[in-house]
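Visitor: Listed in order, the protein sequences are those of chains A and B.
Read in order, the letters of the first sequence correspond to residues 1 to 143 in the working numbering.
Read in order, the letters of the second sequence correspond to residues 1 to 481 in the working numbering.
Keep in mind that the hints were calculated from the coordinates and are not lab data.
Check the hints yourself; a few may be wrong.
Using 35 angstroms as the maximum straight-line C-alpha spacing, the simulated DSBU-like pairs for lysine-lysine come out as follows [to be verified]: (1) A:K70 - B:K456; (2) B:K301 - B:K139; (3) B:K142 - B:K155; (4) B:K127 - B:K301; (5) B:K77 - B:K142; (6) B:K428 - A:K70; (7) B:K155 - B:K285; (8) B:K155 - B:K458; (9) B:K443 - B:K162; (10) B:K77 - A:K70; (11) A:K70 - A:K8; (12) A:K70 - B:K139.
From chain A, some residues computed to sit far from chain B (all C-beta separations above 10 angstroms) [unchecked claim]: (13) K70; (14) Y99; (15) I102; (16) F126.
Ideal Cβ placement from N, Cα and C applies to all residues, glycine included.
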Amino acid sequence: MELSSCSKYTLLCRSIYTLIAAILPISASVVLFLTTALPLWIPLIFTLVWCTGLLFLLFVYFPLRYRRLKYAITADHILTVSGVWLVSTRRIRFDAIRYITILHGPLDRRFNLAAVVVSAAGGQIFLDGISIEQAEALMRRLP
Amino acid sequence: MRVVIPPRHQHPSAMLRYTTRYLILLTVPLVRTLRYIQTPHKDFPWIYGGWLDLIAILLLLIIPYVYWQGHTYALTKSAFHIRRGILLERNRIIPRRAITTLIIERPFFLRPLRAARITVDTDAGGKQRAELTLTVDEKSAKEILAQRQAYARKKLHRFRPKWFHVAALSLLASDSLSGVLLLTTALYQSGRLLGEQYRKTIIGNLEAAATYIRIIPRTIALLTLIILCGWGIAALRNLFRHLPFCVTRHRRVVAIRAGTLTRRDYLCTVDAINFVDYRQTLLSKLFRSYIVFIHCIGYGKTRETLSLLIPASPISHSENTVQCLLPEFRRLPIALTPAPCSLFRYMRYPLLMILFLYPAAHIISLLIPWWSEVLINLAILMYIPLLWWLTVSIVDRYTAGIAKQGNCITVAYARRLTFHVVVIPQSKIVVSRFRQSPSQRRKHTGDLFLYTYSEKQKVHRIRNLPYDGLTALADKNTRKV
């Protein structure tokens, strides 16, 4: 069985979303730096912590995650391989699927990307970085 | 893909539900007003910050509208399609064959607005929340209901219980705690609403009633009275929730209608029913009556709803009605009972508690002498449920067991203070487990655990069954099949 990788734009798209979300800690840092009552080391440590976290996400976690994320949609099941430290392989049978949710934000639509949550009795599979056409085809295949 | 209902928005009253999520915004005008009130010379320039209040209120109006605008639903011949969100769009498709329960609620406050609430549940998803909840107009609700019943085809059997059977159920199934909470809130608020004098009169009457019970201290008597009143209130609430009750069996669906103030229609797919549960307490066993429940994911999910099929009714009547409504779930007479000399295994926990409760209370009262009277009295009161538990355990020893024929398994056991006779199709059993302790290994007996299909763990346990009998039962049926 041949496993497909997620779209090459997924990493870029998720990184941009993370940078947008970083507005919150940036604003918090600005407020902390402007608060004269606080000693300088508090905003410095806070900024250092979130900057390290952000850099780790952008340059270590996301590249590894999306490099390892693979999936296959066969005649009777969906299979995903994912994980950064612990790699897990999940398989879900089509007849066990109860419903499907497709998620896409404005950037995803620009890059023709979607994330799909496949819900079955007893579990879920999160399929990130597939094309919108593939996601819709998956929806149509629901028995 | 035939469209039954084209993409539509929810009923505008759904915006009210969204508004409640953002009531936190009202803290802005509230905090400002409080600050103004607490300023001694009223020199806080309240009016200059009025724009903040305006923004908060505008947001409270705009956000629910935007949410409502971005939430549409459609129904095709084969599935529900839901679209949510403006920026982050979520499209969900729920195939109709995956729906286990469809609930249509018509609360009294939505009826004048010609709106109804629809809840759809499947085997997947969370334990607490349904997969889909929509507020729709009455016409759409009727269309959805008609579609589901058309899918159900013709009516096979209808059952309407007598009102006093529903009343008996309401009494038996009432949750005292919720009633007590309601009562204490009512007592607390009565002073404010009806005047302090009225509140004092009610509490005075309760205290006077408590003094009539002379054999137990006044505090405990008052507590018992409050619990009893709470039980009554909860029973009354249950009665309104279930009356008038009606069950109709269609070809593939069981339709249940209940509720006075909030009318509810539950449509449970027969294939999705995991088991039928005949329940009895010690009292209903004496009166030879059963309450019958079904386990179908989505039905009875909320805390205050019961997954009821037949309210309290005589044994023969309830069995016949279940046979008419759900002939797929055939109840069998128990074929394999617990091993001889199992009585102690059944009654050991209540027996040990009865033996050690009073000495334990006595020792604690020596350590905390100022609580000794209350502790001893509480220990004596605790003997009532413990003796009850002991009796249930003894009866359970002689009524528990298992039977199997074809695809159906019937198990009888007691859990807490309730007796259960559960009819499970074999296909709905996920795991079966036979557990033996060292002494059970010597006697070739063990406890049987049957785990059935459910969103959370659902286990049926029959204690101390003989291993040989169990394998013989399984083999006998295997040969038959």
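Visitor: Each hint should be assessed against the structure and marked as holding or not.
Guide: Consistency of the hints with the structure:
no., hint, in the structure
1, A:K70 - B:K456, "holds, 30 angstroms"
2, B:K301 - B:K139, "holds, 26 angstroms"
3, B:K142 - B:K155, "holds, 17 angstroms"
4, B:K127 - B:K301, "holds, 8 angstroms"
5, B:K77 - B:K142, "holds, 15 angstroms"
6, B:K428 - A:K70, "holds, 33 angstroms"
7, B:K155 - B:K285, "holds, 33 angstroms"
8, B:K155 - B:K458, "holds, 31 angstroms"
9, B:K443 - B:K162, "violated, 49 angstroms"
10, B:K77 - A:K70, "holds, 34 angstroms"
11, A:K70 - A:K8, "holds, 12 angstroms"
12, A:K70 - B:K139, "violated, 46 angstroms"
13, K70, "holds, 24 angstroms"
14, Y99, "violated, 4 angstroms"
15, I102, "violated, 4 angstroms"
16, F126, "holds, 13 angstroms"
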